[in-house]
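**Student:** Kindly generate the complete structure, drawing on both the sequences and the hints.
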Amino acid sequence: MEFLGLDVGSWADWVSGIGSFVAIIFIYIQIKQSDQHQRENLYYNFKIAIGQRRMVKSDGISSEYELIFWGTNDGHVSGSFKFIGFCTPDTFDYTNKEHISGVVTDTHKKIEELDSTYSLGIKCREFEKVESGGVSSEITVPMNAIDLNYKENETVCVVYMDPLGKLYKNDLLPRDEED
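Counted from 1, the sequence shown has number 99 at position 89 by our numbering; the numbering is strictly sequential.
If you are wondering where the hints come from, they were derived from the structure by calculation, not from laboratory data.
Check each hint, because a few of them may be wrong.
[Claimed, not checked] Below, simulated EDC-like cross-link-like pairs (lysine to aspartate or glutamate); rule was C-alpha separation at most 20 Å, straight line:
| hint | residue 1 | residue 2 |
| --- | --- | --- |
| 1 | 92 | 123 |
| 2 | 133 | 84 |
| 3 | 92 | 138 |
| 4 | 67 | 148 |
| 5 | 92 | 181 |
| 6 | 161 | 122 |
| 7 | 176 | 50 |
| 8 | 57 | 172 |
| 9 | 120 | 157 |
| 10 | 176 | 138 |
| 11 | 179 | 164 |
| 12 | 92 | 45 |
| 13 | 179 | 74 |
| 14 | 176 | 108 |
| 15 | 161 | 76 |
| 16 | 179 | 136 |
| 17 | 161 | 181 |
| 18 | 42 | 76 |
| 19 | 179 | 138 |
| 20 | 120 | 100 |
| 21 | 133 | 148 |
| 22 | 176 | 100 |
| 23 | 179 | 148 |
| 24 | 161 | 100 |
| 25 | 179 | 100 |
| 26 | 120 | 50 |
| 27 | 139 | 50 |
| 28 | 179 | 123 |
| 29 | 176 | 136 |
| 30 | 161 | 108 |
| 31 | 92 | 148 |
[To be verified] Cβ pair distances, simulated, as ranges:
| hint | residue 1 | residue 2 | range |
| --- | --- | --- | --- |
| 32 | 107 | 62 | 25 to 33 Å |
| 33 | 41 | 157 | 50 to 58 Å |
| 34 | 98 | 55 | 20 to 28 Å |
We put the CB at the ideal spot given by N, CA and C, even for glycine.
**Tutor:** What follows is the structure, given as structure tokens:
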């Protein structure tokens with residue numbers, strides 16, 4: 011086969027070369043997919059579930075609400091996590107950008123623990139192992155504690171941390187006066 015008077019090889023050479031090039035591309039794609047699948051199978055996937063319910067008092071159900079939340083692990087391996095507090099989305103983003111992994115602690119100034127027994131150091135939250143497909147123990151906080159510390163229409167984040175200092179959050183949607 012000739013091109014501009016030059017011998018550029020036969021059709022078989024071109025088909026073989028293009029076929030080899032395409033095969034190398036497909037092998038690369040297969041290796042990337044296999045690597046991604048392997049990484050997904052070796053990590054936990056921590057999410058935070060949030061809800062509200064009426065508080066139960068010794069004399070019956072109250073008209074007051076409490077926030078209830080827990081962590082879920084949708085990954086393929088177990089992981090350890092602990093609840094560290096509440097903050098606004100802007101504060102969370104700032105804290106996440108400013109810290110080096112492992113530096114954020116449960117006493118970080120910008121993430122608030124609303125229960126005074128924990129914030130004063132009387133009690134300490136421990137890391138909890140969450141198995142693959144499992145859930146952590148539930149934590150409840152009276153809604154009036156959140157209302158006292160955050161503005162009415164402000165989004166509040168529930169924040170957890172893993173042992174390496176990676177932060178996880180879920181947003182509690184803004185509350186209205188009617189709630």
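**Student:** Confirm or reject each hint.
**Tutor:** Now for the hints, and whether the structure bears them out:
1. Of the pairs offered as hints, the one joining residue 92 and residue 123 holds, with about 12 Å between alpha carbons and a cut-off of 20 Å not exceeded.
2. In summary, the hint linking residue 133 to residue 84 is not supported, as the alpha carbons are separated by about 29 Å, beyond the 20 Å threshold.
3. Taking the CA atoms of residue 92 and residue 138, the gap is near 6 Å; set against the 20 Å cutoff, the hint holds.
4. Distance check on the hinted pair: residue 67 and residue 148 sit about 18 Å apart at the alpha-carbon level, within 20 Å; holds.
5. Simply put, residue 92 and residue 181 have alpha-carbon atoms about 17 Å apart, close enough for the 20 Å limit, and the pair holds.
6. For the hint linking residue 161 to residue 122, the alpha-carbon distance of about 14 Å falls within 20 Å, and the restraint holds.
7. As the CA atoms of residue 176 and residue 50 are separated by approximately 17 Å, the hinted pair is consistent with the 20 Å bound.
8. With a C-alpha separation of about 12 Å, the suggested pair residue 57 and residue 172 falls inside the 20 Å cut-off, and the hint holds.
9. Using a Cα cut-off of 20 Å, the hinted pair residue 120 and residue 157 holds, with the two alpha carbons roughly 17 Å apart.
10. Pair hint residue 176 plus residue 138 holds up; C-alpha atoms about 15 Å apart against a cutoff of 20 Å.
11. Straight-line distance between C-alpha atoms of residue 179 and residue 164 comes to about 15 Å, which keeps the hinted pair within the 20 Å bound.
12. Restraint check for residue 92 and residue 45: not satisfied, since their Cα atoms lie roughly 29 Å apart, outside the 20 Å limit.
13. Between residue 179 and residue 74 the alpha-carbon distance is near 25 Å, which puts this suggested pair outside the 20 Å criterion.
14. Annotation: proposed proximity of residue 176 to residue 108 holds, straight-line Cα distance about 12 Å (limit 20 Å).
15. A threshold of 20 Å between alpha carbons decides the hint, and for residue 161 with residue 76 the separation of about 17 Å falls inside it, so the pair holds.
16. Taking the CA atoms of residue 179 and residue 136, the gap is near 18 Å; set against the 20 Å cutoff, the hint holds.
17. Using a Cα cut-off of 20 Å, the hinted pair residue 161 and residue 181 holds, with the two alpha carbons roughly 14 Å apart.
18. Our distance criterion of 20 Å between C-alpha atoms is broken by residue 42 and residue 76, whose separation comes to about 46 Å.
19. With a C-alpha separation of about 16 Å, the suggested pairing of residue 179 with residue 138 holds against the 20 Å cut-off.
20. At most 20 Å may separate the alpha-carbon atoms for a hinted pair to count; residue 120 and residue 100 meet this at roughly 10 Å.
21. A C-alpha spacing of about 17 Å is found between residue 133 and residue 148, which places the hinted pair at or below 20 Å, so the restraint holds.
22. The straight-line distance between the Cα atoms of residue 176 and residue 100 is roughly 17 Å, inside the 20 Å bound, and the hint therefore holds.
23. Distance check on the hinted pair: residue 179 and residue 148 sit about 15 Å apart at the alpha-carbon level, within 20 Å; holds.
24. Taking the CA atoms of residue 161 and residue 100, the gap is about 14 Å. The hint holds against a cut of 20 Å.
25. Between residue 179 and residue 100 the alpha-carbon distance is near 12 Å, which keeps this suggested pair within the 20 Å criterion.
26. Taking the CA atoms of residue 120 and residue 50, the gap is near 32 Å; set against the 20 Å cutoff, the hint is violated.
27. At most 20 Å may separate the alpha-carbon atoms for a hinted pair to count; residue 139 and residue 50 meet this at roughly 19 Å.
28. As the CA atoms of residue 179 and residue 123 are separated by approximately 14 Å, the hinted pair is consistent with the 20 Å bound.
29. A C-alpha spacing of about 16 Å is found between residue 176 and residue 136, which places the hinted pair at or below 20 Å, so the restraint holds.
30. Straight-line distance between C-alpha atoms of residue 161 and residue 108 comes to about 25 Å, which puts the hinted pair past the 20 Å bound.
31. Restraint check: the Cα-Cα separation between residue 92 and residue 148 comes to about 11 Å, which is no more than 20 Å; the hinted pair holds.
32. At roughly 30 Å, the beta-carbon separation of residue 107 and residue 62 lies within the given 25 to 33 Å, and the hint holds.
33. Remark: the range hint 50 to 58 Å for residue 41 to residue 157 is upheld by a beta-carbon distance near 53 Å.
34. For the pair residue 98 and residue 55, the beta carbons lie near 25 Å from each other, so the given range of 20 to 28 Å is met.
Violated hints, in rising order: 2, 12, 13, 18, 26, 30; the structure is consistent with all others.
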